[in-house]
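From these two lone chains plus the hints, build me the complex, please.
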Amino acid sequence: MSATGASHLSGDNRRMLVKLSIVAALMFGFGYALVPFYKAICVALGINSLVPIATTTSKNTQVDYTRKVSIELDANAHRMPWRFKPLVGNVEVHPGELMTVEYEIVNTRDTPVTGQAMPSYGPQHAGQYFSKLECFCFTKQTLAAGETRRMPVVFLIDPKLPADMKTITLSYTFFEVPGMGGKL
Amino acid sequence: MSAVIDDHGHAKDDHHHGDHHHGYGGMMRWITTTNHKDIGTMYLWFSFMMFMVGGTMALVIRAELFSPGLQIVNPDFFIQMTTMHGLIMVFGAIMPAFVGFANWLIPMQIGAPDMAFARMNNWSFWILPFAGSLLIMSFFVPGGAPGVGWTMYAPLTVQMGMGMDLTIFAVHLLGMSSIMGSINIVTTILNMRAPGMTLMKMPLFVWTWLITAYLLIASMPVLAGAVTMTLTDRHFGTSFFNAAGGGDPVLYQHIFWFFGHPEVYIIILPAFGVVSQILPAFSRKPLFGYASMVYATSSIAILSFIVWAHHMYTVGMPVTGQLFFMYATTLIAVPTACKIFNWLATMWRGSLTFETPMLFALGFLFLFTMGGFSGLVLALAAVDIQLHDTYYVVAHFHYVMVAGALFTAFGGIYFWLPKWTGKMYNETLGKWHFWLTMIFFNITFFVQHFSGLAGMPRRIPDYPLMFETWNKISSIGAFGFGFSQLLFLYIIVKAITSGEKAADKQWEGADSLEWTHLPSPAPYHSFETPPAIK
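As given, the protein sequences belong to chains X and F, one line each in that order.
Each residue of the first sequence is one higher than the last, beginning at 3 in our numbering.
Each residue of the second sequence is one higher than the last, beginning at 31 in our numbering.
Please keep in mind that the hints were generated in silico from the structure rather than gathered at the bench.
All C-beta atoms, glycine included, are put in the ideal place defined by N, C-alpha and C.
Hints are not guaranteed to be accurate.
[What the hints assert, rightly or not] Covered stretches of chain F (chain X as the covering partner; in silico rule of three or more C-beta atoms under 8 Å from a C-beta of chain X):
hint : stretch
1    : 245-252
2    : 374-380
[What the hints assert, rightly or not] Non-contacting residues of chain F with respect to chain X, defined by C-beta distances greater than 10 Å in every case (computed):
hint : residue
3    : L100
4    : G116
5    : I209
6    : G255
7    : D278
8    : G346
9    : A367
10   : L417
11   : K461
12   : R489
13   : I503
14   : I506
Okay, chain F solo, but in the shape it has when bound (with noise of 0.2 Å):
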């Protein structure tokens, strides 16, 4: 397989040099291409539609929670469209999303002209689409998607139709996908830097790739494992996660908190990466305390492996084990809390000005940290169990996942657009994109907190009158969050056919390479001949 990728990466530094116009064009272009900057666009293009079909998932789940009773979907597609909102967001809309911005920014913050394994990166990308086929053509098999919830827990997962076996393949496949895009990434990034680009001058974004691509590479296979084994349970006669022959359903998440929660640091590290290029870029100051951020983001990959049963507080562990994984859970708040005080401070004394990237990074800081201490309260054990599979887990992971990983994400794309196309968009537009956003998230998930805390569980079309207020108003709030996208879509598509033209540095605070050495919009082959960093 090395040969075969080395032979190709080979064709193209020998033969190809600056020559994409002479290649095949239209369709095949894309099919074709190994160069980083077409694959990073396709990886954002494919994670936008993965999240719009998400996000039309969310919200049948927010039209039937409207009101209480049934009235739209019957249990049976509700608790398909839960399992296959969470699948689809995680896997095909912010992981999609961040190795996006991967492809695109570490060869160019790197000073390295392209990624390390140019073929590899191509099959890394259009293995995708086929995952995100086999997750959506699972709705149209006998029995439907799978409802499982997106932790496809046994030994539910071993009774459901065929539509399981579809998304135990798409697992497979989003695996395969991200564990060569890791070993591209980590490639990349030590054996491809400018000289003089030691580790420690590298742009924070970079390191948290890093960092993440070795989670990836340690945690995906173990989610690869727990698959295969609940495939052989349903098909090949073995009893892993089946009672019935011995095996043990409590098993099942062990295997899959140990790859799961790695996999929520995996989303938020490159989300962390990139809120630190975007605050010191709008405060006009360096970074502060940029080795603490480094060290910090090692210990939270470090302590995100021995953490993994907090999820499971309420399988009838020893009293032992809460307690072990209670204090390493809430270890984590240590290094996190560092970060979040470096990003205070870079901005203090700083010249702040509020273009819609900043207002995005700062909305970030808020609410993660928001999301951060509802986490620390679910770290505590003996509360957990009464929160347990409650509204306020889900209204927790909203706050760092959306607020946390989407929010970057959409800060970030603002940030680069200017760079990646050369044009600018819509300021005006932009903050509006912010501002609804930032409001119809938090009336979407704020109240969700408190019909959590009251008792409402999660996954469940149906509820008690007493939580409908509550319901009411998230449901409100989605459908405001979810058309507010559609802005988002229009700016950009706005920008990119008729957007002024963007500055080379468009940023006067941004002091990456991308920025300091390439014009707007970055061409198409770029340091080929490395810079010269000081």
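Okay, chain X solo, but in the shape it has when bound (with noise of 0.2 Å):
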């Protein structure tokens, strides 16, 4: 401890400086060791998320489950070389409920043929309850020669749907866009 002699000091500074350096080292180290610390601690306490964490998983309090729709598919392709049909003829569902149905079309032609699908319902009435949220129908579709192709339809039934509507008809007619080569 106290000064004896040169030479053992110098060996016990040497140690002091070596120990001393290794804290200011390692302190550098958990200056970067905060980060993960510091990542670990926002997600135990569930703070600091820009995406809100669910606790538990949500449900839709919309779907009326007292009474179902029949949903009667239809499909049709006007003076086109196009097989187009559902791969199911009919489903149920609750109204508000959300269900996703395939439709499958095959170009017979030996060329790209485009073509633009037209919804009707019937009752004619029934397509303001009818929200689709992803359809082939909203844009132009272009098969090349000899493709099939499936296709979803994903739609809800609004609850407010009449209490009388048991069965809507949703069909699809296939027209042929003329004039663009089978191009978009």
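This is the structure:
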């Protein structure tokens, strides 16, 4: 501890220098260690997240489970070389429930063809209760020669649908878009 | 690295005993010196120069704030001024001043011949002028100096021009200098005390520096890490603080204040040490409660690592966090009050005389306590949300930094100048310096409590008319305070060049080794054979 000789001292001093330098180096690392530590604390406390963390799975409270509606699916191609059909003929949904159905088209011609689908509803005023989130009818479709394609329709029926409406027919008809030459 | 230092240390010990006059002359003497007294002197002069530079910047700030509206400087330059004023005063003026005291006094007060690593001591000092030059150089690069505030908060730092890079490198250099200096101080105190000088017999100034040096070794590298992250965010594609890349600017604040709060105790603890030397000397009584002073200093140091987030109550931390940091912060008032009461008890029934060092110590005691109380107000999370980043904060930290650290530095210089130079200063002028400083300090900063409570934000060049009176008073005080410091320079230069001869024990109540065992001025090499400690 106390001064007892220069050579003894410089050894002690050198050891002290090494020890304190290691502390300084470790504290430099500690600064970086605060980065993952901070993120872990934020996650553990559920704070500072840009996306709100869902504590329970959110439920759709808008679904009317007291009744079911039958949706009849119909598909036609108007004067087109396309085979167009739904994969299932009809589905049953609760009003408010999200539903996905799929259709298949085959282009039987040896050149590309562009078409546009038009929906129609039976009864006609059921259309206002039909909300589509995704539909192949939103855009023109172009199929290469001989191509087969499956396309979805994602929809739900508004729960405000009148109670006497038990069956709705959703019908699509494809029309060829002339002059496109198969190009969009 | 250690081998190099020890070789030089040996060379000095073995071959150069007492031969400083045969070494280099002129400027080379100062560049190559490894003598703790030379290095202490250079630290003190460097810090005075930086004090003048930083003070000039403060006067630019106060001149602009004299009236509402923009008169003298544009907002860009104004924020550069506040930034550089803070950085230069903290890292260039106050810290080096107390390192200067440490260099001069620690070896003499523990009976050691010099610092443990004499060559490294020289490097610690000579890094500083380069760091200071980098800071000042940043004004002359495209974009100018960084206008980010002395705390260098992200994300602004990521967007600044190349002045920011110069500042980052300056902080790296300053950090290296402080860490080297601290390692030197710890080693000197722990390994080189004279026989019989047990830890609990050391003067309190040595104790406070031992604890401060540990704080520096633990906190400075964290700041170095924070600015390095800023640098890599700016140039090397990392995203520590860049929200667009998944980083978080608030993270910077946590890392910065993990350094920043110990830093404020790094500044004030050596000041506590100086006051603990001055007050007993002029009360002609031993320090009251020596052991409790040591324990209080240590507990302040330990607590300083768990209170950092009280600087950032408004970032949106959970209320539990706010409560924890609030209680931890108010806890610091306990050891601090312990020290204040010990100083008061030291003076109780003492034979007090009021020479300049004593006046500055008493000024410290009075004003630092006020700064401590406004600190307690700010520590309360509910209150701080209203006062955050207002002039109330500015007033608070100037009461503890200027009236706390700077006043003690003045007091310490007047106290030890006779021992360092062998010459006495002019006591009348010294008292004038104290009273001018004391009065103008309060004119400058007391009113800032009111403008802060009324809601004036800090770091703005313009303000609503309602704050005009307070700002006018504050600016007048600032110019008075600034020019009073020229009187200090005159007193010191006058004392060195033509002061009266000082006695070996200039102050009859002073009892540490440099007064009892050494002549005035202290010889260039002192305690080459350790003194006997009773």
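Okay, the hints, checked on the actual structure:
1. 245-252: holds (count 6)
2. 374-380: violated (count 0)
3. L100: It holds; F/L100 is separated from chain X by about 37 Å at its closest Cβ, greater than 10 Å.
4. G116: Fine: 21 Å to the nearest Cβ keeps F/G116 off the interface.
5. I209: violated, 5 Å
6. G255: violated, 3 Å
7. D278: violated, 7 Å
8. G346: violated, 8 Å
9. A367: holds, 30 Å
10. L417: holds, 24 Å
11. K461: holds, 41 Å
12. R489: Answer for F/R489: holds, closest chain X Cβ roughly 26 Å.
13. I503: Nearest chain X Cβ is 42 Å from F/I503, so the label holds.
14. I506: holds, 43 Å
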